[in-house]
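Q: So the chains spell out like this:
There are 6 protein chains.
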Amino acid sequence: MTGGPDQDDPVAGFNAYRRRMNERILAEPNQVVRRFFALDTQTYRPGALDLKTKELLGLVASLVLRCDDCISYHVAQCHEAGVTREEMFEAFSVGLVVGGSIVIPHMRRAVDFLDRLGGTVQPPGPVPEPPEAHEHG
Amino acid sequence: MTGGPDQDDPVAGFNAYRRRMNERILAEPNQVVRRFFALDTQTYRPGALDLKTKELLGLVASLVLRCDDCISYHVAQCHEAGVTREEMFEAFSVGLVVGGSIVIPHMRRAVDFLDRLGGTVQPPGPVPEPPEAHEHG
Amino acid sequence: MTGGPDQDDPVAGFNAYRRRMNERILAEPNQVVRRFFALDTQTYRPGALDLKTKELLGLVASLVLRCDDCISYHVAQCHEAGVTREEMFEAFSVGLVVGGSIVIPHMRRAVDFLDRLGGTVQPPGPVPEPPEAHEHG
Amino acid sequence: MTGGPDQDDPVAGFNAYRRRMNERILAEPNQVVRRFFALDTQTYRPGALDLKTKELLGLVASLVLRCDDCISYHVAQCHEAGVTREEMFEAFSVGLVVGGSIVIPHMRRAVDFLDRLGGTVQPPGPVPEPPEAHEHG
Amino acid sequence: MTGGPDQDDPVAGFNAYRRRMNERILAEPNQVVRRFFALDTQTYRPGALDLKTKELLGLVASLVLRCDDCISYHVAQCHEAGVTREEMFEAFSVGLVVGGSIVIPHMRRAVDFLDRLGGTVQPPGPVPEPPEAHEHG
Amino acid sequence: MTGGPDQDDPVAGFNAYRRRMNERILAEPNQVVRRFFALDTQTYRPGALDLKTKELLGLVASLVLRCDDCISYHVAQCHEAGVTREEMFEAFSVGLVVGGSIVIPHMRRAVDFLDRLGGTVQPPGPVPEPPEAHEHG
Chain A
1 MTGGPDQDDP
11 VAGFNAYRRR
21 MNERILAEPN
31 QVVRRFFALD
41 TQTYRPGALD
51 LKTKELLGLV
61 ASLVLRCDDC
71 ISYHVAQCHE
81 AGVTREEMFE
91 AFSVGLVVGG
101 SIVIPHMRRA
111 VDFLDRLGGT
121 VQPPGPVPEP
131 PEAHEHG
Chain B
1 MTGGPDQDDP
11 VAGFNAYRRR
21 MNERILAEPN
31 QVVRRFFALD
41 TQTYRPGALD
51 LKTKELLGLV
61 ASLVLRCDDC
71 ISYHVAQCHE
81 AGVTREEMFE
91 AFSVGLVVGG
101 SIVIPHMRRA
111 VDFLDRLGGT
121 VQPPGPVPEP
131 PEAHEHG
Chain C
1 MTGGPDQDDP
11 VAGFNAYRRR
21 MNERILAEPN
31 QVVRRFFALD
41 TQTYRPGALD
51 LKTKELLGLV
61 ASLVLRCDDC
71 ISYHVAQCHE
81 AGVTREEMFE
91 AFSVGLVVGG
101 SIVIPHMRRA
111 VDFLDRLGGT
121 VQPPGPVPEP
131 PEAHEHG
Chain D
1 MTGGPDQDDP
11 VAGFNAYRRR
21 MNERILAEPN
31 QVVRRFFALD
41 TQTYRPGALD
51 LKTKELLGLV
61 ASLVLRCDDC
71 ISYHVAQCHE
81 AGVTREEMFE
91 AFSVGLVVGG
101 SIVIPHMRRA
111 VDFLDRLGGT
121 VQPPGPVPEP
131 PEAHEHG
Chain E
1 MTGGPDQDDP
11 VAGFNAYRRR
21 MNERILAEPN
31 QVVRRFFALD
41 TQTYRPGALD
51 LKTKELLGLV
61 ASLVLRCDDC
71 ISYHVAQCHE
81 AGVTREEMFE
91 AFSVGLVVGG
101 SIVIPHMRRA
111 VDFLDRLGGT
121 VQPPGPVPEP
131 PEAHEHG
Chain F
1 MTGGPDQDDP
11 VAGFNAYRRR
21 MNERILAEPN
31 QVVRRFFALD
41 TQTYRPGALD
51 LKTKELLGLV
61 ASLVLRCDDC
71 ISYHVAQCHE
81 AGVTREEMFE
91 AFSVGLVVGG
101 SIVIPHMRRA
111 VDFLDRLGGT
121 VQPPGPVPEP
131 PEAHEHG
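Residue numbers (the UniProt record's numbering), protein chains in the order written: chain A, 1 to 137; chain B, 1 to 137; chain C, 1 to 137; chain D, 1 to 137; chain E, 1 to 137; chain F, 1 to 137.
Any given hint could turn out to be false.
Unchecked claim - Below 25 Å or equal to it, Euclidean Cα-Cα: the simulated DMTMM-like pairs (lysine to aspartate or glutamate) are:
hint	chain 1	residue 1	chain 2	residue 2
1	F	Lys52	F	Asp112
2	A	Lys52	A	Asp112
3	D	Lys52	D	Asp115
4	A	Lys52	A	Glu86
5	D	Lys52	B	Glu87
6	A	Lys52	C	Glu80
7	C	Lys52	C	Glu80
8	F	Lys52	E	Glu87
9	D	Lys52	B	Glu86
10	F	Lys52	F	Glu80
11	C	Lys52	C	Glu87
12	F	Lys52	E	Glu86
13	F	Lys52	B	Glu28
14	F	Lys52	C	Glu28
15	C	Lys52	A	Glu87
16	C	Lys52	C	Asp115
17	D	Lys52	B	Glu80
18	E	Lys52	E	Asp115
19	F	Lys52	F	Glu86
20	D	Lys52	B	Asp50
21	D	Lys52	E	Glu28
22	E	Lys52	F	Glu86
23	B	Lys52	B	Glu86
24	E	Lys52	F	Asp50
25	E	Lys52	E	Glu86
26	C	Lys52	F	Glu28
27	A	Lys52	C	Asp50
28	A	Lys52	F	Glu28
29	D	Lys52	D	Glu87
30	A	Lys52	C	Glu86
31	F	Lys52	F	Glu87
32	C	Lys52	C	Glu86
33	E	Lys52	C	Glu28
34	A	Lys52	A	Asp115
Stated by the list, open to error - If you only want the chain C side, here are some residues facing chain A, beta carbon under 7 Å, derived:
hint	residue
35	Asp40
36	Thr43
37	Gly47
38	Leu49
39	Thr53
40	Leu57
Derived from the structure by calculation, the hints contain no laboratory data. The C-beta atom is built at its ideal place from N, Cα and C for all residues, glycine as well.
Required output: the full structure, derived from the provided sequences and hints.
A: Below, the structure is given as C-alpha cells:
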C-alpha cells in the first residue's frame with residue numbers, strides 16, 4: 001500500500017503504481033473527481049508563468065504540505081523541465097524555512113529520489129563551508 | 001514500522017498491526033490515553049446521525065488530514081456499514097475538492113485498499129465520459 | 001490581537017504591527033529565534049533562482065499553509081518585485097488546486113490585500129467566459 | 001481584512017464580504033480559478049449521497065482543517081438543509097475527536113455562528129449530566 | 001466572531017468569550033463533546049510530568065498547529081505556573097524551528113499576549129548580539 | 001524510499017538512512033539549508049529549559065504534526081536523555097488530546113519504535129483499570 005512497491009527501482013515502481021491507480025480512479029463514473037484531475041493537469045500548463053516556475057511552485061507547495069508522492073512527482077517534473085540541482089536546492093530551502101524542521105525527513109527522501117533520477121548527481125567536490133557537526137533532523 | 005507489514009495481504013497485515021499495537025498501548029496505565037480510545041469508539045455509535053453517516057464523516061476527516069491508516073480504517077468501516085462504491089467516491093470527491101490535489105496520493109491508496117476489501121470491485125465497463133489525458137497527481 | 005488593527009488602512013496597520021512585534025521579539029536575548037529571523041531573510045535573496053521566483057515560492061507555500069499574515073507579506077513582496085496581477089493569479093491557482101477549497105477564504109483576503117496595495121487593480125472589463133453561478137467557498 | 005467586518009450582524013457581514021470578494025476573483029480571466037469555483041459548487045449537489053450528508057461532510061472537513069469561514073459557510077448550508085442542532089453537534093463531536101482540542105476554539109465560533117443564525121437556539125433546560133468543572137480549551 | 005472582541009483589554013475579552021462559549025457548548029446534551037472537554041482538563045494535571053512541563057508541551061503543540069486562541073490560553077497557563085519569559089522564549093524557539101517561518105505571525109501575537117499579561121515584561125536592556133537587519137516574517 | 005529500509009532492525013535502518021541522506025544534503029553548497037540544520041541542532045541544547053524538557057517539546061510537536069521520522073528521532077533522544085516510559089506516555093497523551101485521533105496511528109508506530117529501543121519495555125503486569133472494549137483508531 002506504499003507508493004513505490006518496487007524495491008529495486010523505486011522511481012519506476014512509483015510511476016507504475018501512480019499510473020495504475022489513476023486509471024482505476026478515472027474508470028469510475030464520478031464527474032467531480034475526473035474534472036478535478038483534468039483541472040490539476042491544466043494548472044501546470046505554461047501561461048503568464050512558465051512551466052519551470054509552475055513546477056517549482058508545485059514542488060514547494062508539496063514540500064511544506066509534506067506529501068512524499070507529490071514531492072517525488074514534482075521533483076521529476078522539475079528535472080524534466082530543466083531545473084538544475086542548485087535551483088532545486090534553493091526551492092528546497094524555501095520549503096524548509098517556511099515549513100520548518102518537520103520538512104527535513106521529506107527533503108531527505110526528495111534528495112534520494114532526485115539522485116535516483118540520474119544525471120543531476122553533482123560531485124560534491126570540496127565542501128565550501130564546514131557545517132557544524134549535527135545529529136538532528 | 002509501516003502500518004501494513006504483510007505484503008501478501010495488506011488488509012490482514014494492517015488489521016493485525018493495528019490490533020497488536022492498540023493492545024500494547026492500552027496495557028499501559030495511562031488513563032488519559034485509555035479514555036481517549038474509549039471516547040473515540042463512542043464517537044461513531046449511532047445517535048442523531050446513523051452509523052453510515054458518521055463513518056463517512058470519519059472517512060472525509062481522515063482524507064483531508066491525509067492519514068493513510070485512518071483512511072483505510074474508515075474505508076473498511078464504511079464498507080461494512082453498507083456504503084456503496086458510488087457513495088464512497090462521492091465522499092472521496094468532497095475530500096478531494098476541500099483538501100486539494102495533495103489528497104490524490106492518499107485517494108489512490110484508499111481505492112487500492114477498497115479494491116482489496118473485495119466485493120465492491122465494480123467492473124469499469126464502458127467509460128461514460130472520456131477524461132482528458134492527464135499525467136499529474 | 002489581530003495582525004491589522006488599523007481599520008482605515010489595513011496595509012499600514014499590518015506593517016506597523018509586524019514591525020513593532022518583530023522588534024519586541026528581536027530585543028529578546030534568544031539566539032535561536034534571532035538566527036531563525038536572519039535565516040528567513042537570507043532565504044529570499046536572489047541566487048540560482050531570482051527574487052521574483054523566490055517570492056512566488058514563498059507566496060504559494062503561505063497560501064497552502066493558510067497563513068493570512070504570511071500571504072499578505074508575500075503578496076506585498078511579489079508586488080514590489082514586479083509580479084503582475086496575472087502572474088499573481090496563476091500562483092494563486094497553483095495554491096488553490098494543491099491546497100483545495102479550504103484555501104478560498106485566504107485567497108479572498110489575499111485579493112483584498114492586493115487590491116489595497118494599489119496600482120495593480122486591473123479593470124475587470126468584459127468577462128471572457130461567463131462562470132457558472134456559484135455560491136460556495 | 002477579517003471575514004466578517006460588520007460587528008452588529010456578523011452573519012450578514014460575513015455573507016457580504018464573501019460575495020463581494022468572490023465577484024472580484026471571478027472577474028479575473030483565470031480559467032483554472034473559475035473552474036475550481038464551479039467544481040466546488042458541483043461537489044455538493046445531491047447524487048448518491050443527499051445534500052444534507054454532503055454538507056455535513058463539508059462541515060467536518062472544514063472543522064478538522066480549522067478554517068473558520070469554511071465552517072461558518074457549511075454551518076449555514078447545513079442549517080438551511082434541515083440539519084438539526086443535535087445532528088450538528090454530533091458532526092462537531094466527530095470533528096473534535098478526529099482533530100483534537102485544537103478544534104475547540106473553532107467549535108466555539110461555530111456554535112456562536114449557529115446561535116446567530118437563529119431558529120436553532122435550543123433552551124438548554126435541565127442539564128442531563130453535570131460536566132466536570134473545566135477551564136481548558 | 002473573533003476570540004477577543006474587547007479591544008481595550010484583549011486578555012479579559014478573550015477569557016470572557018471563551019468562558020461564555022464553553023458554557024454554551026457544555027449546556028448541550030452531547031456526551032462525546034462533554035467527555036472530550038473533561039479529558040482535555042485531565043490531560044494537564046500533574047503526573048509523571050509536572051504541571052509546568054505539561055503546559056509547555058501544550059504551548060508548543062498549539063504553536064506548531066498555529067491556533068492563536070490555544071497559544072494564548074497556554075501562554076496564560078504557563079505564566080501562572082511560573083514559567084519565566086526566558087523559558088517561554090525557549091519553548092517558542094522549539095516551535096519556531098520545528099514549525100518554520102509560518103509560525104512567526106502566531107509568535108508575534110503570542111508575545112503581544114504575554115506582554116499584556118503583565119509582570120513578565122522584562123526590560124530588553126543592552127541587546128547582547130546585534131541581529132541582522134531583517135524585514136521578513 | 002521509506003525511512004527505515006532494514007526490515008530486520010528498523011532502528012538501525014532508520015538511523016543509517018537518516019545519517020546517509022543528511023550527509024548528501026550537507027555536501028550541497030546551499031548555505032540556507034546548512035544553517036537551518038545547524039540551527040536545528042542548537043535548538044535542543046540545554047538552556048533555561050533542560051535537555052529532557054526540550055526533547056519532550058520536540059516529541060510532542062512532531063506528534064501533533066504527525067511526522068513519523070521526527071517522532072522516532074525524538075523518542076530515541078528522549079530515551080537517551082532518561083525520559084521514563086511513564087513520562088513518555090504522558091507526553092503522548094498531550095499530543096493525542098491536542099492533535100486528536102488522527103495522531104493514533106503515529107502513536108502506534110512511536111510505541112513500536114520505543115519497544116524496539118529496548119530497555120524501556122515495562123512488563124504490563126496486572127492492568128489497573130479494564131479499558132472498554134474498543135476497535136477504533
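Q: All the hints need checking, so say for each whether the structure fits it.
A: We went through each hint and held it up to the structure:
Annotation: proposed proximity of lysine 52 of chain F to aspartate 112 of chain F holds, straight-line Cα distance about 21 Å (limit 25 Å). About 21 Å separates the Cα atoms of lysine 52 of chain A and aspartate 112 of chain A, which keeps this hinted pair within 25 Å; it holds. This hinted pair checks out: lysine 52 of chain D and aspartate 115 of chain D have alpha carbons roughly 19 Å apart, not beyond 25 Å. For the suggested pair lysine 52 of chain A and glutamate 86 of chain A, the alpha carbons sit about 14 Å apart, so the restraint of at most 25 Å is met.
The straight-line distance between the Cα atoms of lysine 52 of chain D and glutamate 87 of chain B is roughly 14 Å, inside the 25 Å bound, and the hint therefore holds. Between lysine 52 of chain A and glutamate 80 of chain C the CA atoms are separated by roughly 22 Å; this keeps the pair inside 25 Å, and the hint holds. Taking the CA atoms of lysine 52 of chain C and glutamate 80 of chain C, the gap is near 9 Å; set against the 25 Å cutoff, the hint holds. The straight-line distance between the Cα atoms of lysine 52 of chain F and glutamate 87 of chain E is roughly 14 Å, inside the 25 Å bound, and the hint therefore holds.
For the given pair, lysine 52 of chain D sits about 17 Å from glutamate 86 of chain B by alpha-carbon distance, which is consistent with the 25 Å threshold. Simply put, lysine 52 of chain F and glutamate 80 of chain F have alpha-carbon atoms about 9 Å apart, close enough for the 25 Å limit, and the pair holds. Using a Cα cut-off of 25 Å, the hinted pair lysine 52 of chain C and glutamate 87 of chain C holds, with the two alpha carbons roughly 11 Å apart. Restraint check: the Cα-Cα separation between lysine 52 of chain F and glutamate 86 of chain E comes to about 17 Å, which is no more than 25 Å; the hinted pair holds.
Under the criterion of a C-alpha separation no larger than 25 Å, the hint pairing lysine 52 of chain F with glutamate 28 of chain B is consistent with the structure, at around 22 Å. With a CA separation close to 23 Å, the supplied pair lysine 52 of chain F and glutamate 28 of chain C stays within the 25 Å bound. For the proposed pair lysine 52 of chain C and glutamate 87 of chain A, the alpha carbon gap of about 14 Å is at most 25 Å, so the pair holds. A hinted pair counts as satisfied when its Cα atoms are at most 25 Å apart, and lysine 52 of chain C with aspartate 115 of chain C qualifies at roughly 19 Å.
For the hint pairing lysine 52 of chain D with glutamate 80 of chain B, the CA-to-CA distance comes to about 22 Å; that is within 25 Å, so the pair holds. At roughly 19 Å between alpha-carbon atoms, lysine 52 of chain E and aspartate 115 of chain E fall within 25 Å of each other, so this suggested pair holds. For the suggested pair lysine 52 of chain F and glutamate 86 of chain F, the alpha carbons sit about 14 Å apart, so the restraint of at most 25 Å is met. A threshold of 25 Å between alpha carbons decides the hint, and for lysine 52 of chain D with aspartate 50 of chain B the separation of about 13 Å falls inside it, so the pair holds.
Between lysine 52 of chain D and glutamate 28 of chain E, the direct Cα distance comes to roughly 22 Å. Compliance with the 25 Å bound is thereby established for this hinted pair. For the suggested pair lysine 52 of chain E and glutamate 86 of chain F, the alpha carbons sit about 17 Å apart, so the restraint of at most 25 Å is met. For the suggested pair lysine 52 of chain B and glutamate 86 of chain B, the alpha carbons sit about 14 Å apart, so the restraint of at most 25 Å is met. Of the supplied pair hints, the one linking lysine 52 of chain E and aspartate 50 of chain F holds, its CA atoms being roughly 13 Å apart against a limit of 25 Å.
Distance restraint check for lysine 52 of chain E and glutamate 86 of chain E: the Cα-Cα separation of roughly 14 Å lies within the 25 Å cut-off, and the hinted pair is therefore satisfied. Only pairs whose Cα atoms come within 25 Å are accepted, and lysine 52 of chain C paired with glutamate 28 of chain F is accepted, the gap being roughly 23 Å. For the suggested pair lysine 52 of chain A and aspartate 50 of chain C, the alpha carbons sit about 13 Å apart, so the restraint of at most 25 Å is met. Restraint check for lysine 52 of chain A and glutamate 28 of chain F: satisfied, since their Cα atoms lie roughly 22 Å apart, inside the 25 Å limit.
For a cut-off of 25 Å, the pair hint linking lysine 52 of chain D to glutamate 87 of chain D stands: about 11 Å separates their Cα positions. Between the alpha carbons of lysine 52 of chain A and glutamate 86 of chain C the distance comes to roughly 17 Å, so the proposed pair stays at or under 25 Å and holds. At most 25 Å may separate the alpha-carbon atoms for a hinted pair to count; lysine 52 of chain F and glutamate 87 of chain F meet this at roughly 11 Å. About 14 Å separates the Cα atoms of lysine 52 of chain C and glutamate 86 of chain C, which keeps this hinted pair within 25 Å; it holds.
Among the hinted pairs, lysine 52 of chain E with glutamate 28 of chain C is consistent with the structure: their alpha-carbon atoms are about 22 Å apart, no more than 25 Å. Only pairs whose Cα atoms come within 25 Å are accepted, and lysine 52 of chain A paired with aspartate 115 of chain A is accepted, the gap being roughly 19 Å. About 6 Å separates the beta-carbon of aspartate 40 of chain C from the nearest beta-carbon of chain A, less than 7 Å, and the hint is met. Given the 7 Å rule on beta carbons, the hint for threonine 43 of chain C holds: about 5 Å separates it from the nearest Cβ of chain A.
The closest approach between the C-beta of glycine 47 of chain C and any C-beta of chain A is roughly 5 Å, which is under the 7 Å cut-off, so the hint is satisfied. Satisfaction of the interface hint for leucine 49 of chain C is found here, the shortest Cβ-Cβ separation to chain A being roughly 5 Å, below the 7 Å cut-off. Taking 7 Å as the C-beta contact cut-off toward chain A, the hint placing threonine 53 of chain C at the interface holds, the least distance being around 6 Å. Taking 7 Å as the C-beta contact cut-off toward chain A, the hint placing leucine 57 of chain C at the interface holds, the least distance being around 5 Å.
Hint compliance for this structure: no hint is broken.
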